[in-house]
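For reference, the chains in residue letters:
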Amino acid sequence: MRVFNEIAVVTTICIKSIPQRFWASFSTVVAVGLVVTVLLAFLAMAAGFQQTLRGTGTKDMAILMRAGAQAELNSGVTRDQARLIEEAPGVMKDPDGKPLVSPELYVIVDGVKKTAVPADGNLKKAPRSNLTLRGLSQAGIAVRPGLKIVEGRPFKPGTNELLVGRALQKDFVGLNVGDTVKLGNSSWLVVGAFELGGSVFESELWADTPEVQDLFHRQNVFQSIRVRLTGPDALKALSDYATNDPQLKLDVTTEADYYAQQASRTSDLIQKLGWPLAIAMAFGALAGALNTMYSSVAARAQEIATLRCIGFSGTSSFIGTLLESLVLALVGGIVGTLVTWVLFDGLTGSTLSGASFSQIVFTFHLTPAVALQGLILALVVGLVGGVFPAWRAARIPIVEAYGTP
Amino acid sequence: MTGQTLIHLQDVSKRFVKGKDTITIFDHLGLSIPAGDFVAVMGPSGSGKTTLLNLLGGIDQPTEGSITFDGGRVDTLTEGQLARWRAHNVGFIFQFYNLMPTLSAARNVELPLLLTSFGRAERRRRVEAALSLVGLAERANHYPREMSGGQQQRVAIARALISDPKLLLCDEPTGDLDRTTADEILAMLRLLNQEMGKTIVMVTHDPEAAKYARRTLHLDKGRFTERELVA
Amino acid sequence: MSDFYLLWRNLFRRKLRTFLMMLAIFVAFVIYGVLGSIHYAFEHGVDSSADNRLVVVNKITFIQPLPYAYVGKIAAIKGVKNITFANWFGGYYQDARNQIGTFAVDPESYLRIYRDDLRIDPAARDAFIHDRTSMVVGEAIATKYGWKVGDRIPINSNIFTNKADGSHTWELTVAGIAYAAKESFNTSFIIFQYENFNESKTFGKDTVGWITLETDSAAVNDQVAATIDEMFANSTSETDTQSEKAFGKAFLAQLGNIALIITLVVGAAFATILMIVGNTMVMAVRERTKEIAVLKTLGFPSWRIWRQVLGESVLLSLLGGVPGLAVAGLLVMVLSKAASGAIPGLALTLPVAGLGVAFMLLLGVVTGFLPAWNALRLNIVTALGRL
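Sequence lines, in order, name chains Y, W and X.
Everything in the first sequence is counted per the working numbering, starting at 12 for the first residue and increasing by one.
Everything in the second sequence is counted per the working numbering, starting at 689 for the first residue and increasing by one.
Everything in the third sequence is counted per the working numbering, starting at 90 for the first residue and increasing by one.
A portion of the hints provided could be inaccurate.
Stated by the list, open to error - These stretches of chain W come out as covered by chain X in the derived footprint (C-beta under 8 Å, 3 or more residues):
1. 762-772
2. 782-793
3. 819-828
By construction, these hints were calculated from the structure, which means they are not laboratory data.
Just so it is clear, CB atoms sit at the ideal spot from N, CA and C, and this is done for glycine as well.
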């Protein structure tokens, strides 16, 4: 018990003396805060990106593409192949007995990010980004039960009408309901916006299949087939069927796996950028913390020596000093977390996904797990920055108590 | 062996504003110090000893009145001119030595020569001479923290002498030293006065120290209370 | 002894503290050097492409092909000096993860357009033109896979199917290796004959991915671009013609605002050291208030002391920053190797290093300004407690 009391006394002295070295302590807090902010911004970006892609795939949805295509963009599937799949095993049927199979067209069109609009507002000069235009039919909506039309209505078959993903609509120019979009030499009318569980699909434009086939001169060709599966074993059955039939030669994966694979590459890259940067910066902050703590120990040398003189142990000086450092670092960590939360959480960004070759809109997401990593980094800085000065504090000779201040 | 007037203070007043109050240190003070004099200034705390030394050394300016040094006005000089004047004409010796802790004894002594145009060889010669004069030639490469108080004060004296000023100002030069060491330092100052003709003004609390001077001035509440003439 | 000696001794008065400051500055400049070089490589790689080069793509998106017939039509337009075209092949070697930028091109016209960017042996050039199943491999790729002239390599496509056997593989002979004539030119590519490609693929016959052309001079760029786009207006494949530079920039911009991210990170790193070093310098100078007062008493003019304090912080900044830039240079070299030519021209260039040194000086001046000012203003009488 006695040791705890001693530690409490020394810690109080240490922490109460922080305001006396306000600027030194402040600079440490800011330095740690900046390090944590940089780390968390990157991690929140990675987490947000991953969440968007992971949230897209469901295990009970299969995606079929030409063997070896790897991505929808590269794939090609014929109408005949799509018909064969409708008779495949493992395919779920709707109450009317219609198989839940959606052959889909996947093409790229251009759009302008809101942030890329030049100062003079001239959209012709704005750099353009790749957007996904998905051609699908009523079946495409039927295989996606989570779909919610949040504004307007779905496109009517046989018309140049567009249904726009909610995320895309927020980030890109001219995609409000009622806007006209020019694709090639035809005009398309935006008639509605949809949400689909924060998935990648919310970064897409949807339109009626034949219209898109016309625009891209791709009659009777699709890029992928979405299939609603009957159960956990269905994938295997479908896969066997699709690989064995020489007419098919299609790769079958669950949508969950397909998007998870796409997610991992980009979010790994973001994390691989974020961590080394944060660690490098942490060394800088560590230098600041060590400096502050050494000057703190020097400033309190006489006080500490006096306590030692009246019988306090070196351990209490050690722990008291260490706690001061940890408190400063923790405050910095919390400040950094709050700054990240205010500035970045919920911020939307978009990037070109390598696999889909089109823009994916995602939201920075400061998850508790991410925030925890930031706080741990802050505490590591506080620990290392405190332990050496604390060692010095514990070894202050008692005679210092008699020295001149 | 004193000669013409080196320093002349005429009607010097010095006032400080502290908060709402104005504190008057000197009110129309007059003082003449001939060249070659060795004056001890004694007096209780707050009598104005230090301020007098500040004014004589040109690190502070009078509120009113004139200060003449070697026939030239000092009180009208600008800050930059004063700095140059100090470098040429005054050597300072402080109670706590005020050596640069980062420099060796030799380099501490050499410091004022940075303000001159002497070449490297000449500087070295002078530093060696000054250190020999104070008996510390073999300590040239020691740092202040490696030396005793008396040794440090001797380095300070060497530093004060290096640019060959006419006037040495000493502020309690033995206040931090034991009797024996103090006597050594004071003897050294007397030697500088007698052999080299340096004019010295020394502020001290110590009547024993004052005995080394040619005369002693007593300062009380900004006035000289009695004046001992040349011994 | 000189003022510099005084400054030096003051700087290393407390070795641990100075070392820690230098470490913080070092780290910030490593970050600056690496990120700055990456940024520069991106920007410069795009900027270095010829001014009079235009790219014609499908107006819907550059991924959508154009009819082959457009090449001849555009070639006839006044102001077009040279013209070529290319097709994206979606090539990879052995494993689908080993993607290679593979283009089907018309050998002669392609190498003519890129004559200033690529260096290729004349014999290899002839071999490439005459052998239908040959390819030219960029240096980065040749080095990566150890391919030599004469090797027959199976290149796979993740898009196209080979009519000959229904596979996705084309066997191609290495006719030669192309080297970058400009440092900023990316050599991780393969080019092979369009004729071979066009006749062996199962779909999309007689289309080209994009057309690259050279105008008589950059001055006629806008006019030529307008003529081309008008020519195909209201056709089934409308075109969008822009300079190669603008095209490259737009593509990079798609990755995200790289410049902004780099600026923010470097800004955060600099803000950190500004806080730490600035604060420490103020403390360090405050500690020696008395010494500065003594120097002034000895007759050192204020400006000289001001200069010393400022010099000290600038020196500190340089001592931490210059090694930081040097290490950044090494890291960038390693990174450049690891990226195997994916970021061409990635090196610590003179402009980046020069700006770095300017930042060091600025950092030194900013962190030294307040303490130097305090030293300048320092009153001897108060500082020595002589009242």
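Structure-based check of each hint:
1. 762-772: With 4 residues closer than 8 Å to chain X, the segment 762-772 of chain W meets the three-residue bar; holds.
2. 782-793: holds (count 6)
3. 819-828: It is violated: at least three residues are needed, and the segment 819-828 of chain W offers just 0 whose Cβ sits closer than 8 Å to chain X.
Violated hints amount to a single one, hint 3; each of the other numbered hints is respected by the structure.
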